[in-house]
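Take the sequences, apply the hints, and build the full model.
Protein chains: 4
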Amino acid sequence: MNTIGVKLRLTIFGTSHGEGVGCVLDGAPPGLAISLKDIQRELDLRKPSVGIGTPRMEEDVVIPLSGVKDSRATGGAITLFIKNADKDSDKYKEFAFKPRPGHADLTAVMKYGDAHDIRGGGQFSGRMTAPIVAAGTIARAMISQIGVGVGGYSMAIGSVVDKEEHPFGDIVHFGRGNEVRAASEDMEGRMRKEILDAKADGDSVGGIVRCIATGLPIGVGEPFFDTLEGELAKILFAIPAVKGVEFGAGFRAAAMRGSQNNDPFVISDGRVATSKNDSGGMLGGISDGMPLDIKVAFKPTASIAMEQDTVDLRSMKPARIKIEGRHDPCIVPRAVSVVEAAVALTLADLCMRGGFID
Amino acid sequence: MNTIGVKLRLTIFGTSHGEGVGCVLDGAPPGLAISLKDIQRELDLRKPSVGIGTPRMEEDVVIPLSGVKDSRATGGAITLFIKNADKDSDKYKEFAFKPRPGHADLTAVMKYGDAHDIRGGGQFSGRMTAPIVAAGTIARAMISQIGVGVGGYSMAIGSVVDKEEHPFGDIVHFGRGNEVRAASEDMEGRMRKEILDAKADGDSVGGIVRCIATGLPIGVGEPFFDTLEGELAKILFAIPAVKGVEFGAGFRAAAMRGSQNNDPFVISDGRVATSKNDSGGMLGGISDGMPLDIKVAFKPTASIAMEQDTVDLRSMKPARIKIEGRHDPCIVPRAVSVVEAAVALTLADLCMRGGFID
Amino acid sequence: MNTIGVKLRLTIFGTSHGEGVGCVLDGAPPGLAISLKDIQRELDLRKPSVGIGTPRMEEDVVIPLSGVKDSRATGGAITLFIKNADKDSDKYKEFAFKPRPGHADLTAVMKYGDAHDIRGGGQFSGRMTAPIVAAGTIARAMISQIGVGVGGYSMAIGSVVDKEEHPFGDIVHFGRGNEVRAASEDMEGRMRKEILDAKADGDSVGGIVRCIATGLPIGVGEPFFDTLEGELAKILFAIPAVKGVEFGAGFRAAAMRGSQNNDPFVISDGRVATSKNDSGGMLGGISDGMPLDIKVAFKPTASIAMEQDTVDLRSMKPARIKIEGRHDPCIVPRAVSVVEAAVALTLADLCMRGGFID
Amino acid sequence: MNTIGVKLRLTIFGTSHGEGVGCVLDGAPPGLAISLKDIQRELDLRKPSVGIGTPRMEEDVVIPLSGVKDSRATGGAITLFIKNADKDSDKYKEFAFKPRPGHADLTAVMKYGDAHDIRGGGQFSGRMTAPIVAAGTIARAMISQIGVGVGGYSMAIGSVVDKEEHPFGDIVHFGRGNEVRAASEDMEGRMRKEILDAKADGDSVGGIVRCIATGLPIGVGEPFFDTLEGELAKILFAIPAVKGVEFGAGFRAAAMRGSQNNDPFVISDGRVATSKNDSGGMLGGISDGMPLDIKVAFKPTASIAMEQDTVDLRSMKPARIKIEGRHDPCIVPRAVSVVEAAVALTLADLCMRGGFID
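So the sequence lines, in the order shown, correspond to chains A, B, C and D. Read the first sequence against the working numbering and you will find it ends at 358, with the numbers running on by one and no gaps. Read the second sequence against the working numbering and you will find it ends at 358, with the numbers running on by one and no gaps. Read the third sequence against the working numbering and you will find it ends at 358, with the numbers running on by one and no gaps. Read the fourth sequence against the working numbering and you will find it ends at 358, with the numbers running on by one and no gaps.
Keep in mind that the hints were calculated from the coordinates and are not lab data. Please note: incorrect hints may appear among the correct ones.
As the list claims (entries may be wrong) - Using 30 Å as the maximum straight-line C-alpha spacing, the simulated DSBU-like pairs for lysine-lysine come out as follows:
(1) D:K93 to B:K37
(2) B:K83 to D:K37
(3) B:K276 to A:K322
(4) C:K322 to D:K276
(5) D:K163 to C:K163
(6) C:K276 to D:K276
(7) A:K93 to C:K276
(8) B:K37 to D:K87
(9) C:K83 to A:K83
(10) A:K276 to B:K317
(11) A:K83 to C:K87
(12) D:K276 to C:K98
(13) C:K83 to A:K87
(14) D:K317 to B:K87
(15) B:K91 to A:K276
(16) C:K276 to D:K37
(17) D:K322 to C:K93
(18) B:K93 to D:K37
(19) C:K276 to A:K37
(20) A:K276 to B:K322
(21) C:K37 to A:K83
(22) B:K83 to A:K276
(23) B:K163 to A:K163
(24) B:K37 to D:K83
(25) A:K98 to B:K276
(26) B:K83 to D:K83
(27) C:K322 to A:K37
(28) D:K276 to C:K91
(29) C:K163 to A:K87
(30) C:K276 to D:K87
(31) B:K83 to D:K87
(32) B:K87 to D:K98
(33) D:K83 to C:K276
(34) B:K276 to A:K317
(35) A:K37 to C:K93
Said to hold, decoys possible - The following label-pair restraints were derived from C-beta to C-beta distances:
(36) A:R41 to B:E165: 44 to 50 Å
(37) D:M316 to A:D358: 55 to 61 Å
(38) D:D309 to C:P167: 40 to 46 Å
(39) C:S35 to D:S35: 56 to 62 Å
Just so you know, these numbers come straight off a predicted model, no measurement behind them. Even for Gly, the Cβ is constructed at its ideal location relative to N, Cα and C.
Laid out in structure tokens, this is it:
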């Protein structure tokens with residue numbers, strides 16, 4: 001369903017081609033400073049880029065409907081709304097009986113029947129991530145008060161993989177300044193080319209978002225089941241197109257030996273730390289004081305310009321489909337903001353549940 | 001916390017060295033056949049193997065405390081209990097101030113203080129997965145009634161990776177008959193060797209469990225947030241030592257182009273299917289009728305015989321630790337049953353939530 | 001927090017004097033007919049009446065923001081918004097340090113601090129019940145499809161108590177046609193006088209709302225803890241000013257003997273029924289097929305024209321307070337719609353949880 | 001279902017005539033002192049009394065299965081188990097097709113089918129309250145650490161109503177020392193007679209439990225929906241035989257005027273208080289610092305010795321039923337402990353949610 005979180009609870013609503021999209025964020029501490037400017041800045045980072053993305057210009061202006069007074073949270077539920085621009089929805093009608101490969105058309109129609117709003121993907125649209133980004137900005141403000149920072153970047157776009165470690169400051173500063181959300185100038189150029197090449201072919205590419213969270217105290221996470229990893233993974237897999245989530249060494253750990261994978265404990269600045277971070281900042285489902293290291297795999301955009309095989313659900317016969325219009329050849333740069341928001345929301349909720357906030 | 005699920009709700013309790021471990025499973029349909037023999041068989045598959053595992057012989061005999069009468073679920077909460085054998089707990093005392101690398105000793109002590117039961121890892125012990133396996137057997141019975149089968153195998157052990165596709169029948173039949181839970185005779189030999197080599201070195205290895213679920217109807221999963229992927233990932237990351245979860249092409253999808261990754265729809269046996277399954281059986285957070293394809297990365301066992309670097313929390317100085325006793329050089333074969341159980345529990349719950357069961 | 005329900009989940013937001021109030025209703029079956037006209041009619045029943053209420057004219061026009069397309073539920077979250085009219089909020093500032101007796105001023109300020117939006121009572125305002133009524137109309141449509149009807153009336157206003165049993169049709173038809181929501185003409189006159197007398201004295205009166213639900217199948221309710229009674233009581237006590245909830249004989253049952261209180265089972269129209277209904281339609285937390293009989297006690301409106309004793313939180317000294325403006329001398333007639341909505345929402349959710357709907 | 005609570009989460013299991021009854025209490029703070037002696041003492045207060053109750057002697061000995069080590073909570077889930085004595089279950093078989101008036105036989109059989117364990121009422125048995133009392137003792141220990149005390153007494157037994165106000169100390173000390181749980185010697189005698197009279201007639205009586213909670217800080221309760229009243233009412237209505245719940249003036253408030261019902265604020269001992277407590281310690285769903293005043297109406301025991309009308313579900317014809325064996329002529333004295341436990345559990349959970357504990 002459309003609600004997630006325990007103490008900080010997010011409910012999202014809306015569709016791509018209806019009135020708009022929005023969210024209700026419940027549980028933010030009364031008195032918290034709410035900056036609409038900050039929310040707008042994050043929403044702008046999620047917007048499609050002219051250069052590499054689609055020329056559809058979304059005017060994502062956030063409108064607060066409740067819970068904010070004099071730029072502060074009142075303690076009541078915070079509602080944020082983002083209006084949709086007028087859109088041409090006619091071209092989507094066909095998808096109700098000729099499902100687009102890689103999209104939720106088939107599963108949505110099977111689950112919700114003919115009442116499903118298929119325009120723009122309806123409630124399965126990537127546009128549903130805009131309110132997540134808006135709410136995530138508030139969550140960021142909450143955790144920044146206890147010194148937690150969250151920063152993501154495009155770690156891979158198609159075959160271009162960034163294998164370097166970057167200082168957190170570079171991720172935040174350089175990464176937010178370029179439209180592919182690369183962490184270095186070299187990567188920015190190569191990733192941009194990878195995207196433009198796919199675009200030129202009428203195709204799309206996937207990629208990996210890496211997200212680092214620094215400053216988290218030891219003890220965040222509520223095992224056995226409400227682990228730090230599990231709560232993060234649950235919301236991350238709700239982001240459209242996510243196919244894999246790993247922490248620290250992740251799948252690489254499977255090929256390791258214990259002597260190699262175990263992170264030795266050391267004393268650093270008078271505090272317990274580990275000399276490396278293959279655990280990704282988590283032990284036993286609980287933060288261990290090292291930076292969280294999260295990697296999220298995105299499949300390539302399902303909407304491509306090439307004609308594809310599908311079936312006609314009316315005749316139950318093979319059919320061909322060609323998706324008109326312009327679509328992002330790569331959603332990864334835009335997804336960086338969404339991953340950051342999802343991580344911030346989860347950390348804020350778990351910090352509240354563990355008594356680290358409030 | 002220790003409860004998961006909405007309509008089928010699992011609560012686990014216990015510790016490695018206390019009275020025992022157990023679970024309460026709430027919501028199983030009244031009248032469901034409950035076979036203690038089946039539960040016992042699954043628990044036996046989770047037990048350490050003499051050949052490749054540790055010689056600790058756990059007598060995991062399941063005792064039903066409630067909810068079962070005349071081998072049927074009554075509709076009340078089902079409680080299953082598994083007694084612990086007497087164990088030597090003295091050697092664990094040291095870990096409260098000299099945390100074992102890769103273990104939850106540090107994070108548990110920081111979160112729960114000196115009341116934490118550190119014996120055998122306490123509530124963070126891998127032994128907590130025994131009641132998950134027991135409950136999972138009941139979930140399997142539930143979903144098998146609507147034709148869903150769940151089968152897992154060791155897809156990778158250390159550097160040995162099984163890249164072949166195996167018929168579901170082979171996975172279930174061959175895989176359950178060998179103690180490394182390999183899907184082929186060739187793999188069985190090579191994986192066994194990989195484990196024994198690590199053991200001979202006083203070391204451990206990680207691996208990957210792959211789990212397939214067949215027969216799932218279209219429509220299972222409750223987006224936006226309670227997706228099939230997300231609910232599976234949440235419980236899978238609760239299994240100790242899991243570092244990554246992916247579906248279908250997973251992280252490989254990140255390097256693909258859309259034209260390559262999209263699964264074309266086809267008509268097969270008069271029903272809609274896809275001609276390949278890079279989506280792993282899910283579109284938009286909902287099952288699409290193809291087999292679920294789940295991969296779970298396990299890090300190598302943290303307990304190794306080699307001496308390791310740690311810190312002494314009393315003096316806050318570097319220290320060395322040597323973990324006595326015998327430990328599984330590889331938990332992956334045992335984890336196969338746990339992954340299967342976790343998948344079965346999640347599918348049963350989501351099938352109930354979606355109205356496919358009951 | 002601001003969300004309630006499991007399968008049909010309601011989130012409310014807003015404040016009395018902010019942008020507006022609204023709700024997100026998640027889980028309504030896709031395809032369900034949604035009539036804005038019906039919602040508006042229910043909202044109008046909740047509005048203050050010119051004759052007996054306050055002359056404040058609230059323009060409660062419902063605006064759908066999501067989840068409805070072509071007058072049908074899409075399967076996505078349904079968002080309804082009701083704008084606030086401009087209001088004079090200045091007079092409320094004083095209440096932050098001179099709390100009004102019987103109001104939530106003190107507790108809200110202690111819990112939420114100076115960020116609490118005290119204008120109009122903020123998130124504690126009776127106006128928060130408007131979105132509950134709006135959502136309740138959708139819940140009514142859901143349960144009416146399985147033959148369940150919900151009807152309430154003013155059973156007591158101050159000292160005027162309606163001790164008669166009324167046919168369900170009278171409750172619905174007569175009760176909705178008079179502004180005190182009385183179930184008979186006699187009661188209408190006497191209750192109106194009771195309210196006007198209190199009003200003339202600058203005072204207020206309380207009362208009892210009785211709500212009947214007919215046509216509920218046997219089996220609704222999820223014991224042990226999610227009982228029909230318990231789920232109803234939880235949402236009913238969320239309605240401002242509710243001080244008591246009872247079912248069937250309720251508190252009268254405490255003075256009865258078992259031979260008198262037990263409802264004998266009989267065969268009626270070929271089905272099992274009871275010859276009387278002191279149980280109020282519930283046995284063991286589960287509906288028994290008889291009409292639900294719910295009584296809800298409301299305290300008198302806390303805002304009265306008379307000067308009252310309070311304290312000044314700044315000086316921590318005794319103080320006097322006089323509440324300006326016009327307030328409902330009795331909220332019971334308006335509360336009938338709210339109780340009906342709360343009952344409908346709870347029944348719809350429990351019917352979904354029990355598999356009676358969908 | 002069988003779980004309640006958010007931060008302090010109780011799951012109960014078992015049946016009257018199976019292996020036993022028990023509970024899992026999750027979330028108790030690590031390090032909390034757990035006294036099995038205290039738990040046993042509370043369980044003993046819930047046991048039937050020889051003098052006025054049934055001569056069935058239940059040996060309710062609590063066995064801790066997890067979560068307690070060296071008399072302290074470890075931070076893991078606490079499991080408590082109470083074995084059932086051998087019982088004659090044969091006489092219950094008839095109730096599956098000849099439901100006892102006032103019991104859950106009919107509704108349980110309709111909901112759970114023939115798998116329902118009807119012996120002793122199965123999961124609907126009053127015996128399910130034993131683990132609630134056990135868990136409640138732990139909750140009491142939690143809230144007593146912040147100065148909260150909970151005390152209940154029999155306020156009414158049948159027609160005998162105790163209209164006096166009693167000092168909290170009297171309730172706790174005198175009330176726990178007499179088997180009718182009366183608050184005064186006079187009431188003890190009259191209530192005992194009322195019970196014995198009913199017993200002599202082969203009948204039963206109902207009554208009212210009043211429960212007071214002192215020392216609660218201002219701010220406990222999570223509106224809009226998770227109010228102090230609503231959370232209390234939800235668990236109280238789960239107690240078998242409860243038909244009404246009210247707070248403060250309760251149903252009396254319905255007949256009051258606002259000038260009479262509003263509790264004026266005063267300064268008392270340098271703190272804000274109210275000069276009377278018709279609100280019952282709650283304003284806007286939040287504790288206001290005054291004692292909580294809770295009244296719970298219990299219907300008379302449904303099992304009576306007299307022959308009663310019922311139906312035969314096999315023939316769908318009228319039938320007569322005579323319930324053999326001895327049953328409590330009044331459960332109210334035993335229910336006092338259960339109400340206290342339910343209140344303590346709810347307050348402990350809400351205090352954790354509000355940050356007042358831990």
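Okay, the hints, checked on the actual structure:
Only pairs whose Cα atoms come within 30 Å are accepted, and K93 (chain D) paired with K37 (chain B) is accepted, the gap being roughly 28 Å. Proposed proximity of K83 (chain B) and K37 (chain D) is supported: the alpha carbons are some 24 Å apart, at most 30 Å. At most 30 Å may separate the alpha-carbon atoms for a hinted pair to count; K276 (chain B) and K322 (chain A) meet this at roughly 20 Å. Only pairs whose Cα atoms come within 30 Å are accepted, and K322 (chain C) paired with K276 (chain D) is accepted, the gap being roughly 20 Å.
Only pairs whose Cα atoms come within 30 Å are accepted, and K163 (chain D) paired with K163 (chain C) is accepted, the gap being roughly 25 Å. Between K276 (chain C) and K276 (chain D) the CA atoms are separated by roughly 40 Å; this puts the pair beyond 30 Å, and the hint is violated. The straight-line distance between the Cα atoms of K93 (chain A) and K276 (chain C) is roughly 55 Å, outside the 30 Å bound, and the hint therefore fails. In summary, the hint linking K37 (chain B) to K87 (chain D) is supported, as the alpha carbons are separated by about 27 Å, within the 30 Å threshold.
Of the pairs offered as hints, the one joining K83 (chain C) and K83 (chain A) holds, with about 16 Å between alpha carbons and a cut-off of 30 Å not exceeded. With a CA separation close to 18 Å, the supplied pair K276 (chain A) and K317 (chain B) stays within the 30 Å bound. Among the hinted pairs, K83 (chain A) with K87 (chain C) is consistent with the structure: their alpha-carbon atoms are about 26 Å apart, no more than 30 Å. For the proposed pair K276 (chain D) and K98 (chain C), the alpha carbon gap of about 18 Å is at most 30 Å, so the pair holds.
Restraint check: the Cα-Cα separation between K83 (chain C) and K87 (chain A) comes to about 26 Å, which is no more than 30 Å; the hinted pair holds. For the proposed pair K317 (chain D) and K87 (chain B), the alpha carbon gap of about 61 Å is over 30 Å, so the pair is violated. Taking the CA atoms of K91 (chain B) and K276 (chain A), the gap is near 27 Å; set against the 30 Å cutoff, the hint holds. In summary, the hint linking K276 (chain C) to K37 (chain D) is not supported, as the alpha carbons are separated by about 46 Å, beyond the 30 Å threshold.
A C-alpha spacing of about 66 Å is found between K322 (chain D) and K93 (chain C), which places the hinted pair above 30 Å, so the restraint is violated. Straight-line distance between C-alpha atoms of K93 (chain B) and K37 (chain D) comes to about 28 Å, which keeps the hinted pair within the 30 Å bound. Among the hinted pairs, K276 (chain C) with K37 (chain A) is inconsistent with the structure: their alpha-carbon atoms are about 63 Å apart, more than 30 Å. Using a Cα cut-off of 30 Å, the hinted pair K276 (chain A) and K322 (chain B) holds, with the two alpha carbons roughly 20 Å apart.
Of the pairs offered as hints, the one joining K37 (chain C) and K83 (chain A) holds, with about 24 Å between alpha carbons and a cut-off of 30 Å not exceeded. A distance of roughly 38 Å separates the Cα atoms of K83 (chain B) and K276 (chain A); the hinted pair therefore is violated under the 30 Å criterion. For the given pair, K163 (chain B) sits about 25 Å from K163 (chain A) by alpha-carbon distance, which is consistent with the 30 Å threshold. With a CA separation close to 24 Å, the supplied pair K37 (chain B) and K83 (chain D) stays within the 30 Å bound.
As the CA atoms of K98 (chain A) and K276 (chain B) are separated by approximately 18 Å, the hinted pair is consistent with the 30 Å bound. Between K83 (chain B) and K83 (chain D), the direct Cα distance comes to roughly 16 Å. Compliance with the 30 Å bound is thereby established for this hinted pair. As the CA atoms of K322 (chain C) and K37 (chain A) are separated by approximately 41 Å, the hinted pair breaks the 30 Å bound. Restraint check for K276 (chain D) and K91 (chain C): the C-alpha separation of about 27 Å stays at or below 30 Å, so the hint holds.
Proposed proximity of K163 (chain C) and K87 (chain A) is contradicted: the alpha carbons are some 59 Å apart, above 30 Å. For a cut-off of 30 Å, the pair hint linking K276 (chain C) to K87 (chain D) is broken: about 33 Å separates their Cα positions. With a C-alpha separation of about 26 Å, the suggested pair K83 (chain B) and K87 (chain D) falls inside the 30 Å cut-off, and the hint holds. Our distance criterion of 30 Å between C-alpha atoms is broken by K87 (chain B) and K98 (chain D), whose separation comes to about 52 Å.
Straight-line distance between C-alpha atoms of K83 (chain D) and K276 (chain C) comes to about 38 Å, which puts the hinted pair past the 30 Å bound. Between K276 (chain B) and K317 (chain A) the alpha-carbon distance is near 18 Å, which keeps this suggested pair within the 30 Å criterion. Restraint check for K37 (chain A) and K93 (chain C): satisfied, since their Cα atoms lie roughly 28 Å apart, inside the 30 Å limit. Evaluation of the 44 to 50 Å hint for R41 (chain A) and E165 (chain B) yields a pass: the beta carbon distance comes to about 47 Å.
The hint said 55 to 61 Å for the Cβ distance between M316 (chain D) and D358 (chain A), and at roughly 59 Å that hint holds. Between D309 (chain D) and P167 (chain C) the Cβ separation comes to about 25 Å, which falls outside the hinted range of 40 to 46 Å. Here the CB-CB span from S35 (chain C) to S35 (chain D) is close to 59 Å, well matched to the stated 56 to 62 Å.
In terms of the numbered hints stated before, the structure departs from hints 6, 7, 14, 16, 17, 19, 22, 27, 29, 30, 32, 33, 38, listed from lowest to highest.
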